[in-house]
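Visitor: Read in my numbering, the sequence shown has 78 at position 78, and its numbers run on one by one without any break.
Some hints could be false.
Unchecked claim - Have a look at the derived ranges for each label pair, beta carbon to beta carbon:
| id | residue 1 | residue 2 | range |
| --- | --- | --- | --- |
| 1 | Glu-71 | Thr-49 | 18 to 26 Å |
| 2 | Pro-53 | Glu-19 | 27 to 35 Å |
| 3 | Asp-79 | Pro-100 | 32 to 40 Å |
These are computed hints drawn from the structure, not numbers from a lab.
In this text, a Cβ means the ideal position worked out from N, Cα and C, and glycines have one as well.
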Amino acid sequence: MAVTLKKAPTLGQFYPHTEIETVPSYVPTVAEDVFIEDVWLLSIHLANTSDSPVTVTITDRQATPMEVVPEVRIEGHSDHVREFSGRYCPNGVRWAASAPDSVVGYIRAQR
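Full structure from sequences and hints, please.
Guide: Pasting the structure below:
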């Protein structure tokens, strides 16, 4: 099987790549697109505001989605942070949580 390569942006490079960050929002229970174009992840911050543990899954949006954060369990009133050095996500990023209105998500990326 051949592997397809894609040149990543140089971190801190502003042109032609721009650093972007989501507006904080609850991660929905039905998978939702966060970005719908190629992005290079820099960080993900998930904060569980509920009393109960919640599971969050984050995938890319390629034809066969690959997990970026595979079903991470976040205990009640705690958070989960992942730092990346430009993790490539073809066609964007999608996320879903196991409980509604429980996990506030933030994602920073370059596009």
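Visitor: Give a verdict on every hint.
Guide: Here is how each hint holds up against the structure:
1. Glu-71 to Thr-49: 18 to 26 Å: Between Glu-71 and Thr-49, where Cβ atoms are some 19 Å apart, the hint holds.
2. Pro-53 to Glu-19: 27 to 35 Å: 32 Å, holds
3. Asp-79 to Pro-100: 32 to 40 Å: 18 Å, violated
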